[in-house]
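For the record, the sequence lines run as chains U and F.
Residue numbers are given in the working numbering: position 196 of the first sequence equals residue 196, and the series is strictly consecutive.
Residue numbers are given in the working numbering: position 262 of the second sequence equals residue 262, and the series is strictly consecutive.
Treat the hints with caution; some may be incorrect.
[Said to hold, decoys possible] A few chain F residues facing chain U, derived, Cβ under 7 Å:
#1 F121
#2 F178
#3 Q180
[What the hints assert, rightly or not] No farther apart than 35 Å at their CA atoms in a straight line, the calculated lysine-lysine pairs in the DSBU-like style are these:
#4 U/K209 x U/K137
#5 U/K137 x U/K67
#6 U/K67 x F/K300
#7 F/K84 x F/K176
#8 U/K137 x F/K122
#9 F/K301 x U/K137
#10 U/K137 x F/K168
#11 F/K59 x F/K300
#12 F/K122 x F/K301
#13 F/K59 x F/K301
#14 F/K84 x F/K168
#15 U/K209 x F/K122
#16 F/K57 x F/K301
#17 F/K122 x F/K300
#18 U/K209 x F/K300
#19 U/K209 x F/K301
#20 F/K300 x F/K57
#21 U/K67 x U/K209
#22 F/K122 x F/K59
#23 F/K122 x F/K57
#24 U/K137 x F/K84
#25 F/K300 x U/K137
#26 U/K67 x F/K122
#27 F/K301 x U/K67
[Stated by the list, open to error] Simulated coverage check for chain F against chain U, where a stretch passes if three residues somewhere in it have a Cβ under 8 Å from a Cβ of chain U:
#28 53-59
#29 104-115
#30 129-135
Bear in mind the hints are in silico, worked out from the structure with no lab data behind them.
Small disclaimer: the values here were computed from a predicted structure and weren't measured.
Here a beta-carbon is modelled for each residue, glycine too, at the ideal position from N, C-alpha and C.
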Amino acid sequence: MIATESLSKRFPRVTALDRLSVDVGPGVTGLVGANGAGKSTLIKILLGLSPATEGRAEVLGLDVVTKGPAIRERVGYMPEHDCLPPDVSATEFVVHMARMSGLPPTAARERTADTLRHVGLYEERYRPIGGYSTGMKQRVKLAQALVHDPQLVFLDEPTNGLDPVGRDEMLGLIRRIHTDFGISVLVTSHLLGELERTCDHVVVIDGGKLLRSSSTTDFTQKTTTLAIEVTDTDEHPDGTRAVREALQARGVAVEDGSGLPGAGHVLLLTAQGEETYDLVRDLIADLGLGLVRMEQRRHHISEVFTDHDEQRDEQRKEAVGHGS
Amino acid sequence: MAAEQSVQTPATAPGDTRIHNIGYRSYDGPRLGRGYARLSLYSQSLRGSYGLGRSVKSKVLPMLLFVVMCVPAAIMVAVAVATKANDLPVDYTRYAIVMQAVISLYVASQAPTSVSRDLRFKTVPLYFSRPIETADYVRAKFAALASALFILTAAPLLVLYVGALLAKLDFTDQTKGFAQGLVSVALLSLLFAGIGLVIASVTPRRGFGIAAVIAVLTISYGAVSTLQAIADVQGSGDAGIWIGLFSPITLIDGVQSAFLGASSAFPGGVGPDQGEGVVFVVFTLGLIAACYGLLVRRYKKVGL
Chain U
1 MIATESLSKR FPRVTALDRL SVDVGPGVTG LVGANGAGKS TLIKILLGLS PATEGRAEVL
61 GLDVVTKGPA IRERVGYMPE HDCLPPDVSA TEFVVHMARM SGLPPTAARE RTADTLRHVG
121 LYEERYRPIG GYSTGMKQRV KLAQALVHDP QLVFLDEPTN GLDPVGRDEM LGLIRRIHTD
181 FGISVLVTSH LLGELERTCD HVVVIDGGKL LRSSSTTDFT QKTTTLAIEV TDTDEHPDGT
241 RAVREALQAR GVAVEDGSGL PGAGHVLLLT AQGEETYDLV RDLIADLGLG LVRMEQRRHH
301 ISEVFTDHDE QRDEQRKEAV GHGS
Chain F
1 MAAEQSVQTP ATAPGDTRIH NIGYRSYDGP RLGRGYARLS LYSQSLRGSY GLGRSVKSKV
61 LPMLLFVVMC VPAAIMVAVA VATKANDLPV DYTRYAIVMQ AVISLYVASQ APTSVSRDLR
121 FKTVPLYFSR PIETADYVRA KFAALASALF ILTAAPLLVL YVGALLAKLD FTDQTKGFAQ
181 GLVSVALLSL LFAGIGLVIA SVTPRRGFGI AAVIAVLTIS YGAVSTLQAI ADVQGSGDAG
241 IWIGLFSPIT LIDGVQSAFL GASSAFPGGV GPDQGEGVVF VVFTLGLIAA CYGLLVRRYK
301 KVGL
C-alpha cells in the first residue's frame with residue numbers, strides 16, 4: 001500500500017523526517033509518535049502535497065512526486081484539525097466533497113447518504129454542522145474521507161478531543177473501515193494503547209526516525225504489566241499491603257503504581273504467563289478480599305521509547321562486552 | 001379487492017420504513033477527475049456568491065445589491081419610454097462607473113465569503129487532498145467571483161438594452177453600445193475579482209477582508225480623483241490622465257474611453273487617447289495577471 005525509501009524532509013530549522021524507510025501493507029496500520037514526530041509531514045508527502053527533501057515514496061504503487069492527483073483520487077484524508085464550515089449541513093458538505101473527488105452529481109448524493117449512515121449520522125445530517133458535538137464533527141470528517149470509496153484512507157488523530165465512549169466508537173468504526181468496507185487505513189495517534197486494539201500493524205516514529213515497525217501481536221506479547229486493585233476488609237484494613245506482602249512471599253516482584261491514578265491502592269506486577277493470573281486470583285481469594293480490577297496496563301508511547309533505550313543500552317553493553 | 005388492498009397497505013408500511021443495514025457498497029462508477037472537480041468548485045463558489053445553497057441570511061446582501069444595481073436601469077428605461085427620448089439617459093459604458101459604490105460593496109462582501117471561509121475553517125487542506133492542484137483552486141475561485149461580478153454588472157445593461165429596444169431606439173446604435181458595455185464590465189469584473197480575492201486571501205477573518213477591500217477600492221479612487229482634479233485645475237491634464245492608472249475604476253474608465261467609445265469620467269471629460277489607452281489596457285491586463293500569480297503563490301504556501 002505504502003512504501004517509503006530513506007525519505008527525508010528538512011525544514012530550515014528542523015528535520016521532520018530523517019531517512020525513513022517503511023513498508024505498509026493492506027489492513028489497519030497505526031502510525032504512532034509523539035507530537036512533532038513527523039506523522040503529519042509524512043501524510044502530506046504521501047498525498048503528494050509536499051515534496052520530500054530526499055528519498056522516494058509510493059502510495060498504491062504510484063510515485064508521490066509524479067502521480068499526486070492520481071493518488072489523491074484513490075486515497076481519502078481526514079485531517080487532525082477542524083475543517084468543517086459551520087453554516088452548511090453535513091449532507092451538503094459531504095456531497096460537495098464527493099464531487100471534488102470526481103463523483104458525478106447523482107453518485108455523489110447516493111454515496112453521501114450511504115457514507116453518513118455508515119459513520120452513524122442520521123437525521124442530524126440535514127442540520128448545519130455548527131451545532132454538532134465534537135463526536136459528530138469527527139464523523140463528518142471521516143465521512144468526507146470515505147465518500148469517494150478510496151482504496152486507502154489516512155486518518156490523522158481521529159480520536160482527538162473525544163470522550164472515552166466516543167473514542168471507543170471511533171476506534172470501532174476504524175476497524176470496520178477495513179473489515180466491512182475493505183478500505184485500508186493508516187491511522188495516526190500519540191497513544192499506542194488505543195492503536196493496539198484497532199490495528200494489525202503499528203509503526204512507531206520519533207524525531208522523524210523509524211523506531212519500530214511490527215504487527216500488533218508483538219506489542220501485546222510485550223505488554224506484561226498487570227495492574228491490580230483490591231478492596232479492604234475488617235480483617236485486612238489495608239488490603240493492598242496484604243496482597244503485596246503475600247505476593248512478595250511467593251517471590252513475585254511488585255511495584256506501587258506511583259504516578260497512576262489511585263496510587264497507593266494499585267499494585268503493578270510483571271506477569272510471566274497464565275499462571276501469574278491464577279496466582280493472583282487464588283491469593284486474593286485466600287485473603288478474603290474483593291478484586292476491584294486486574295487489567296493489562298496499556299502502553300503509553302513513552303514506554304516504547306524506554307524499551308528502545310533499554311535495548312540500545314543492552315546492545316551497547318554487548319558491544320562493549322565483545323570489545324573487551 | 002379494493003377493500004382488501006387498503007387493509008394490506010398499512011400492514012406493510014412499517015416494514016417499508018424500517019432502516020435495513022444493507023452493508024457497505026463500494027463504488028465502481030466513473031471518477032471524473034481534475035477538470036470536473038474544478039468545475040464543481042466553480043459552480044459551488046458562483047452559487048455561493050449569491051448565497052445559493054447557503055443560509056437565508058447570506059442571501060440577503062448579494063440579492064439586495066443585485067436589485068439595487070438593476071433598479072436605476074429600470075427607472076431609466078421607464079423614463080426613456082415615457083418621454084419618448086431619442087437616447088438612454090446614461091451610456092452603457094458609463095453605468096458601471098456611476099454604480100461603482102455598489103460594485104465595490106459587492107466585491108467587499110463576497111470576495112471574503114468565497115476565500116476567507118475556506119481559510120478560517122481550514123477547509124483548504126480538504127480541497128488539496130483531492131485531485132485538484134493549487135492553480136485549479138485559484139482558477140475556480142477567480143472565475144467564480146468574476147462571473148458573479150459579470151452577472152451583477154451585465155444584468156442592468158441587459159435591462160437597459162431590452163428597454164431601449166422596447167422604446168424603439170436605434171437598433172444598431174444600441175447593440176453597439178451594449179456590446180461595448182459588456183466588454184467593459186467583463187474587464188471590470190476580472191479586475192475587481194482579482195483585487196478582491198488577493199486581499200481577502202490574506203486574512204482568514206471575514207470582517208478584516210471586507211474592510212480591507214472597501215478601503216483599497218475607495219481610498220484608491222478617492223486619492224486618484226482628487227489628484228486628477230488638482231492636476232486639471234493646474235492645467236496639467238496629461239499628468240491627470242496618468243494618475244488614472246492607479247485606481248481600478250479609473251483604469252477601466254481609461255480603457256473604455258480610449259477604445260470602447262465611452263465618454264470619460266476624468267475631469268474635463270478628457271480621457272486617454274488611443275496611444276495612452278494602450279498603456280491602460282496593458283496595465284489592466286497586467287494587474288489581472290498579477291492578482292492571479294499572487295493568489296497561486298499564496299495558496300502554494302497555505303497547502304495543508
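Between the alpha carbons of U/K67 and F/K122, is the straight-line distance 35 Å or under?
Distance of about 25 Å is within 35 Å: holds.
Verify the proposed pairing of U/K209 with U/K137, using a straight-line Cα cut of 35 Å.
32 Å, holds
Are F/K122 and F/K59 close enough, with their CA atoms no more than 35 Å apart?
23 Å, holds
Would you check the hint for F/K122 and F/K301, treating anything up to 35 Å between C-alpha atoms as holding?
Measuring from Cα to Cα gives roughly 13 Å; hence the hint holds.
Would you mind confirming whether the straight-line C-alpha gap from F/K122 to F/K300 stays at or under 35 Å?
15 Å, holds
Is the shortest C-beta separation between F/F121 and chain U less than 7 Å?
5 Å, holds
Does the alpha-carbon distance linking U/K137 and F/K168 stay inside the 35 Å limit?
60 Å, violated
If you draw a straight line from the CA of F/K59 to the CA of F/K301, is it 35 Å or shorter?
32 Å, holds
Compare the distance between the alpha carbons of U/K137 and F/K84 with 35 Å, and conclude whether the hinted pair is satisfied.
62 Å, violated
Please work out if U/K67 and F/K300 have their alpha carbons no farther apart than 35 Å.
The given pair, whose Cα atoms are some 18 Å apart, holds under the 35 Å limit.
Hinted pair U/K137 and F/K122, Cα distance within 35 Å:
14 Å, holds
Verify the proposed pairing of U/K209 with F/K300, using a straight-line Cα cut of 35 Å.
27 Å, holds
Going through the hint list in order, the structure does not satisfy hints 2, 3, 10, 24, 29.
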